[in-house]
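Taking the hints into account, I'd like the entire structure generated from these sequences.
The lines below spell out each chain.
Number of protein chains: 2
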Amino acid sequence: MKRIVEILRSYFPILEWGVKYNRQTAVNDLVVAVIVSIMLIPQSLAYAQLAGLPPEVGLYASMAPLILYAIFGTSRSLSVGPVAVTSLMTLAAVAPIATQGTPEYLAAALTLAFITGLILIILGFLKLGFLTNFISFPVMSGLGTAVGLQIAAGQLSPVLGIPTGGGTFLALIISLVKNAGQINIYTAFIGVPVVIFLLVVRKHLAALLTKAGMGKGLAVILAKMGPVIAIIITILFVAGFGLDNEGVKIVGTVPSGLPGISFPPFDLALWSQLATPAVLIAIIGYVASISVAQTLAAKKRQHVNPNQELIALGAANIGASLSGGFPVAGGFSRSIVNFEAGAETPAAGAFTAVGIALVALFLTPLLFFLPSATLGATIFVAVLSMVNFKVVRITYAYSPTDAVAMALTIILTLTLGVIVGLIAGIGVSLMMYLYRTSKPHVAIVGQVPGTQHFRNIDRHEVVTSARIVSMRIDESLFFPNVKFLENKVNEVVAENPEMRHLILNCSAVNSIDASGLEGLKAVNQRLTDAGIAFHLSEVKGPIIDGLKKTKFFQDMEGRIHFTHFDAVCSIDPDLAQSTLNASLG
Amino acid sequence: MKRIVEILRSYFPILEWGVKYNRQTAVNDLVVAVIVSIMLIPQSLAYAQLAGLPPEVGLYASMAPLILYAIFGTSRSLSVGPVAVTSLMTLAAVAPIATQGTPEYLAAALTLAFITGLILIILGFLKLGFLTNFISFPVMSGLGTAVGLQIAAGQLSPVLGIPTGGGTFLALIISLVKNAGQINIYTAFIGVPVVIFLLVVRKHLAALLTKAGMGKGLAVILAKMGPVIAIIITILFVAGFGLDNEGVKIVGTVPSGLPGISFPPFDLALWSQLATPAVLIAIIGYVASISVAQTLAAKKRQHVNPNQELIALGAANIGASLSGGFPVAGGFSRSIVNFEAGAETPAAGAFTAVGIALVALFLTPLLFFLPSATLGATIFVAVLSMVNFKVVRITYAYSPTDAVAMALTIILTLTLGVIVGLIAGIGVSLMMYLYRTSKPHVAIVGQVPGTQHFRNIDRHEVVTSARIVSMRIDESLFFPNVKFLENKVNEVVAENPEMRHLILNCSAVNSIDASGLEGLKAVNQRLTDAGIAFHLSEVKGPIIDGLKKTKFFQDMEGRIHFTHFDAVCSIDPDLAQSTLNASLG
Numbered sequence: 001m002k003r004i005v006e007i008l009r010s011y012f013p014i015l016e017w018g019v020k021y022n023r024q025t026a027v028n029d030l031v032v033a034v035i036v037s038i039m040l041i042p043q044s045l046a047y048a049q050l051a052g053l054p055p056e057v058g059l060y061a062s063m064a065p066l067i068l069y070a071i072f073g074t075s076r077s078l079s080v081g082p083v084a085v086t087s088l089m090t091l092a093a094v095a096p097i098a099t100q101g102t103p104e105y106l107a108a109a110l111t112l113a114f115i116t117g118l119i120l121i122i123l124g125f126l127k128l129g130f131l132t133n134f135i136s137f138p139v140m141s142g143l144g145t146a147v148g149l150q151i152a153a154g155q156l157s158p159v160l161g162i163p164t165g166g167g168t169f170l171a172l173i174i175s176l177v178k179n180a181g182q183i184n185i186y187t188a189f190i191g192v193p194v195v196i197f198l199l200v201v202r203k204h205l206a207a208l209l210t211k212a213g214m215g216k217g218l219a220v221i222l223a224k225m226g227p228v229i230a231i232i233i234t235i236l237f238v239a240g241f242g243l244d245n246e247g248v249k250i251v252g253t254v255p256s257g258l259p260g261i262s263f264p265p266f267d268l269a270l271w272s273q274l275a276t277p278a279v280l281i282a283i284i285g286y287v288a289s290i291s292v293a294q295t296l297a298a299k300k301r302q303h304v305n306p307n308q309e310l311i312a313l314g315a316a317n318i319g320a321s322l323s324g325g326f327p328v329a330g331g332f333s334r335s336i337v338n339f340e341a342g343a344e345t346p347a348a349g350a351f352t353a354v355g356i357a358l359v360a361l362f363l364t365p366l367l368f369f370l371p372s373a374t375l376g377a378t379i380f381v382a383v384l385s386m387v388n389f390k391v392v393r394i395t396y397a398y399s400p401t402d403a404v405a406m407a408l409t410i411i412l413t414l415t416l417g418v419i420v421g422l423i424a425g426i427g428v429s430l431m432m433y434l435y436r437t438s439k440p441h442v443a444i445v446g447q448v449p450g451t452q453h454f455r456n457i458d459r460h461e462v463v464t465s466a467r468i469v470s471m472r473i474d475e476s477l478f479f480p481n482v483k484f485l486e487n488k489v490n491e492v493v494a495e496n497p498e499m500r501h502l503i504l505n506c507s508a509v510n511s512i513d514a515s516g517l518e519g520l521k522a523v524n525q526r527l528t529d530a531g532i533a534f535h536l537s538e539v540k541g542p543i544i545d546g547l548k549k550t551k552f553f554q555d556m557e558g559r560i561h562f563t564h565f566d567a568v569c570s571i572d573p574d575l576a577q578s579t580l581n582a583s584l585g
Numbered sequence: 001m002k003r004i005v006e007i008l009r010s011y012f013p014i015l016e017w018g019v020k021y022n023r024q025t026a027v028n029d030l031v032v033a034v035i036v037s038i039m040l041i042p043q044s045l046a047y048a049q050l051a052g053l054p055p056e057v058g059l060y061a062s063m064a065p066l067i068l069y070a071i072f073g074t075s076r077s078l079s080v081g082p083v084a085v086t087s088l089m090t091l092a093a094v095a096p097i098a099t100q101g102t103p104e105y106l107a108a109a110l111t112l113a114f115i116t117g118l119i120l121i122i123l124g125f126l127k128l129g130f131l132t133n134f135i136s137f138p139v140m141s142g143l144g145t146a147v148g149l150q151i152a153a154g155q156l157s158p159v160l161g162i163p164t165g166g167g168t169f170l171a172l173i174i175s176l177v178k179n180a181g182q183i184n185i186y187t188a189f190i191g192v193p194v195v196i197f198l199l200v201v202r203k204h205l206a207a208l209l210t211k212a213g214m215g216k217g218l219a220v221i222l223a224k225m226g227p228v229i230a231i232i233i234t235i236l237f238v239a240g241f242g243l244d245n246e247g248v249k250i251v252g253t254v255p256s257g258l259p260g261i262s263f264p265p266f267d268l269a270l271w272s273q274l275a276t277p278a279v280l281i282a283i284i285g286y287v288a289s290i291s292v293a294q295t296l297a298a299k300k301r302q303h304v305n306p307n308q309e310l311i312a313l314g315a316a317n318i319g320a321s322l323s324g325g326f327p328v329a330g331g332f333s334r335s336i337v338n339f340e341a342g343a344e345t346p347a348a349g350a351f352t353a354v355g356i357a358l359v360a361l362f363l364t365p366l367l368f369f370l371p372s373a374t375l376g377a378t379i380f381v382a383v384l385s386m387v388n389f390k391v392v393r394i395t396y397a398y399s400p401t402d403a404v405a406m407a408l409t410i411i412l413t414l415t416l417g418v419i420v421g422l423i424a425g426i427g428v429s430l431m432m433y434l435y436r437t438s439k440p441h442v443a444i445v446g447q448v449p450g451t452q453h454f455r456n457i458d459r460h461e462v463v464t465s466a467r468i469v470s471m472r473i474d475e476s477l478f479f480p481n482v483k484f485l486e487n488k489v490n491e492v493v494a495e496n497p498e499m500r501h502l503i504l505n506c507s508a509v510n511s512i513d514a515s516g517l518e519g520l521k522a523v524n525q526r527l528t529d530a531g532i533a534f535h536l537s538e539v540k541g542p543i544i545d546g547l548k549k550t551k552f553f554q555d556m557e558g559r560i561h562f563t564h565f566d567a568v569c570s571i572d573p574d575l576a577q578s579t580l581n582a583s584l585g
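Residue numbers (our numbering), protein chains in the order written: chain A, 1 to 585; chain B, 1 to 585.
Any given hint could turn out to be false.
Since copy identity is lost for identical chains, a pair holds within one copy or between any two.
Said to hold, decoys possible - Pairs of lysine-lysine, BS3-like flavour, derived with a Cα cap of 30 Å:
hint, residue 1, residue 2
1, K551, K390
2, K549, K216
3, K390, K540
4, K549, K249
5, K551, K488
6, K249, K216
7, K488, K300
8, K439, K521
These are computed hints drawn from the structure, not numbers from a lab. Just so you know, these numbers come straight off a predicted model, no measurement behind them.
Listed below in structure tokens is the structure:
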């Protein structure tokens with residue numbers, strides 16, 4: 001019974017904090033919800049626009065996912081909803097499949113959210129979260145810079161009223177330059193000032209307010225409200241001057257009301273086209289979320305459960321899909337506002353969902369005159385903080401190979417798109433890791449005079465013998481590295497014609513897998529064929545037990561020795577003893 | 001100048017043995033060539049049939065590749081040419097693209113050989129041979145069993161004269177059972193006795209001949225000549241009784257003469273369809289070849305250069321492609337015959353090519369009545385030795401996870417085909433490896449009373465403190481494992497509310513990549529936020545030098561200490577000293 005409660009609690013963290021929930025916490029969470037809702041409205045509309053979706057889809061993606069995360073999530077501060085990277089990745093995944101504005105496009109986006117959620121939940125239940133470790137820092141950082149640039153370039157289209165064909169950063173820039181003549185001056189007249197206003201607010205408002213005596217937390221929160229002010233002013237401006245008649249693109253009619261339940265189409269061809277982007281969105285969304293969640297949790301010494309977070313984000317994405325939304329993740333700046341405003345429990349997120357629902361029910365008519373330029377400017381300014389070229393130089397100084405992986409991710413993402421760039425970055429990082437891992441440290445060792453110790457012949461003054469070669473491998477034997485040992489032995493045999501014994505020191509070998517065992521068998525066979533006896537020394541107990549289950553020892557001409565000194569003694573006692581006495585005399 | 005000669009010698013091993021070549025070696029190599037040629041004729045015809053290609057293509061694949069390998073190869077015994085696994089993989093790759101017997105089918109096979117060769121050469125020049133290490137023993141062994149079964153099942157069609165639809169092992173068995181009624185009794189009357197004859201010869205002839213006083217080497221060689229005897233007898237039998245009129249399928253007209261130079265079509269769609277199978281054929285062919293080459297080289301204490309072998313096999317495949325052949329690799333049984341017959345240099349291979357050329361020029365009319373059943377029987381018996389289910393049980397006893405990877409490879413290859421099975425096997429092995437690698441050993445340590453040593457609190461009686469937590473990581477910090485450390489620190493912080501200092505012992509850390517550095521920064525940031533000072537102890541010199549290039553130390557509240565004892569002393573000298581004196585009193 002107790003065990004069941006424990007399992008339920010681990011899968012439903014709401015049971016833990018829910019029972020302690022009281023009026024004071026509720027009031028706190030409500031205040032937070034009001035603040036985050038106000039911040040989330042422009043973001044949800046803007047990220048929907050970025051993903052090529054109608055604005056209401058952004059609102060829908062900011063309701064059910066938040067409630068589901070409140071039930072399943074372990075972070076008290078993570079604010080789930082549409083974010084920049086996953087929105088761009090949604091565009092990149094769906095645009096080749098369907099035309100923007102069609103029901104097929106929306107259906108594909110919904111399906112993408114569904115598959116993303118499914119993948120996250122499966123990773124969570126199978127405890128495969130470790131797979132996300134393979135997004136290295138250089139790849140994640142390079143992706144951020146490239147995606148930031150691509151999104152910023154893409155938003156120049158709504159901000160300046162220049163039509164573009166979409167696509168990669170490179171395609172966007174070419175398209176912007178080509179169509180520069182078609183700029184809509186009224187749109188630019190709204191977009192450019194909003195960009196400047198938002199930049200100034202972001203850079204200076206918090207400092208100004210703090211200087212004026214305001215608390216730091218409140219100042220940070222107010223500084224994030226710039227987009228809301230810009231929205232209100234530009235709506236009034238467009239409506240007042242009737243600029244929608246001058247070619248300024250506006251949001252127009254946003255259907256009011258709550259989303260119905262929708263099921264993504266189960267179309268095998270569509271699913272297989274979306275599978276790869278869904279995997280990448282799942283991993284990237286998760287990696288970004290968990291890192292914010294852990295950073296914020298640490299400040300209050302709270303713990304975030306990485307596996308449960310997979311399940312929570314998965315549930316949030318499935319929820320988004322079923323309620324007409326698109327892929328979601330934990331937002332960086334929103335989560336910080338959530339934290340600074342004092343969110344005490346995930347209920348703050350659920351209350352935020354209610355806030356967005358109220359907007360969807362009653363306030364959508366007010367958004368009619370909202371210019372796309374304002375939304376574009378909001379995104380443009382938000383993503384600039386993702387661009388960081390300095391980190392390439394810093395990384396280069398520390399680790400050139402890592403900097404190469406980073407540069408490759410940036411260049412390929414800018415030229416061939418986010419999916420290709422990401423896969424290439426992950427591939428190169430993994431290749432570099434596997435390369436490193438396939439070359440274990442193997443040393444030829446000799447006896448240190450006056451001792452029973454054996455050390456690397458390249459680094460120490462040691463005594464060796466032409467007949468007896470001693471070798472030490474400094475890692476466990478697994479399939480990626482065992483061939484290296486085999487090759488090394490072959491080389492040593494070819495180079496030492498007088499050799500009659502090889503002793504392999506296994507003091508650093510903690511484990512030998514089936515391929516490692518085959519490698520040792522091959523080494524033994526080849527040495528036997530060449531008239532050389534193969535010995536092992538300092539083999540750990542569990543490994544001997546494992547090898548005893550096989551025929552390895554029966555086929556071996558040499559023996560197993562407790563210490564390396566014992567091994568040499570058993571072959572050539574005179575040599576071992578005379579070296580031991582060497583510096584004693 | 002000397003350097004250029006060295007480079008030339010490393011890329012053209014022929015320069016090394018060629019200059020010492022004399023009449024005695026030549027005579028030796030010529031005798032070997034005659035023996036291997038006789039063995040290679042039925043093999044080359046049979047493997048062409050297995051790959052769905054006309055018989056002459058098998059002969060063509062046994063000329064140019066052998067000469068090119070003689071120039072570039074470093075093994076003195078490896079016999080290059082068509083082999084079972086790559087022939088089946090060629091069938092699996094080309095069959096979905098083109099219909100057997102059409103020029104498109106042949107063009108696709110030629111292109112496959114070209115891409116395979118290109119991949120091998122690129123791997124060789126970029127020294128990427130380590131990638132082939134990632135074919136683990138369970139995958140290679142499982143593949144052998146499954147491919148053996150699939151080929152054997154496929155050859156029941158020519159052996160019994162039952163038409164089948166081809167495909168996977170499962171599809172073949174279903175097809176054989178369904179069409180069993182269409183058996184051609186004359187064909188079966190040839191095929192079944194040949195199978196029995198070959199099995200008996202293979203199993204008993206060598207032993208019988210040795211018993212009769214023949215040298216072991218010669219006995220082994222003669223026992224491999226069974227297929228040639230079977231071919232001669234069945235040709236005479238079919239021709240004598242006119243069985244080709246009774247539905248017995250014969251080889252028919254084999255165009256005589258040498259192949260012209262052919263260029264594979266450069267068709268991007270075709271290349272992208274063949275890319276994945278080409279990578280797999282390159283890797284599998286190489287892994288099988290290098291393992292035979294190394295085993296044989298060891299017997300004479302010779303050395304095989306793994307990287308140069310990539311280039312040599314690549315050249316052989318490109319040669320096959322340009323001269324009308326299909327993918328080739330080093331053959332297991334042929335290489336053993338080559339070795340036993342006493343091949344002294346790779347020239348034996350070049351002479352073998354001349355032997356096959358003479359057959360192609362003058363003897364093809366003799367092959368007219370050769371029944372497909374005989375070729376099928378030859379392959380059937382040859383591949384049976386690849387099937388080994390016992391190894392699954394043996395591996396299970398030693399390492400259950402490896403046995404699972406092996407079983408998965410077998411099952412998926414049998415049901416979904418060799419390409420899917422192979423990719424799944426490699427994928428699962430890599431996942432298991434990455435899982436293991438993503439969980440480094442991290443221990444909480446405490447001071448051993450009476451000493452300055454710190455040991456794992458789970459294994460030793462040690463003194464700990466609620467304020468100072470000591471942690472040791474037993475591996476280098478790389479992107480796959482750094483998240484594990486971060487999570488571990490987060491857990492420890494959440495569990496120890498009184499903690500004010502964390503000391504990370506880095507005695508086993510040999511390297512920290514850019515992701516590892518970011519992880520340490522995150523740990524430092526989170527600890528600082530939680531009011532905990534972060535210290536490092538026993539950091540190796542090169543790592544300190546690397547970290548000094550970054551701002552890491554500036555942002556760190558704690559310090560770097562030479563020994564872990566020093567670290568504790570600097571925080572709480574009383575605790576450290578009293579523990580040190582504990583058992584001295």
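Here is how each hint holds up against the structure:
For the identical chains of this complex, K551 and K390 are inter-copy neighbours only, at 14 Å across copies versus 58 Å inside a copy, given an alpha-carbon limit of 30 Å. Taking CA atoms no more than 30 Å apart as the test, K549 paired with K216 passes in neither setting, with 66 Å inside one copy and 33 Å between copies. Taking the shortest alpha-carbon separations for K390 and K540, only the inter-copy value of 28 Å comes in at or below 30 Å, while the best intra-copy value is 48 Å. For the homomeric pair K549 and K249, neither the shortest alpha-carbon distance inside one copy (75 Å) nor that between copies (50 Å) is at most 30 Å.
Only within a single protomer do K551 and K488 lie at most 30 Å apart by alpha-carbon distance; the minimum there is 24 Å, versus 40 Å between protomers. Taking identical chains as interchangeable, the C-alpha atoms of K249 and K216 are never at most 30 Å apart, the minima being 37 Å within one chain and 89 Å between chains. Taking the shortest alpha-carbon separations for K488 and K300, only the inter-copy value of 16 Å comes in at or below 30 Å, while the best intra-copy value is 52 Å. In this homomeric assembly, K439 and K521 come within 30 Å of each other (Cα to Cα) both inside a single copy, at 20 Å, and across copies, at 28 Å.
Figure legend: structure checked against the earlier numbered hints; hints not met, in rising order: 2, 4, 6.
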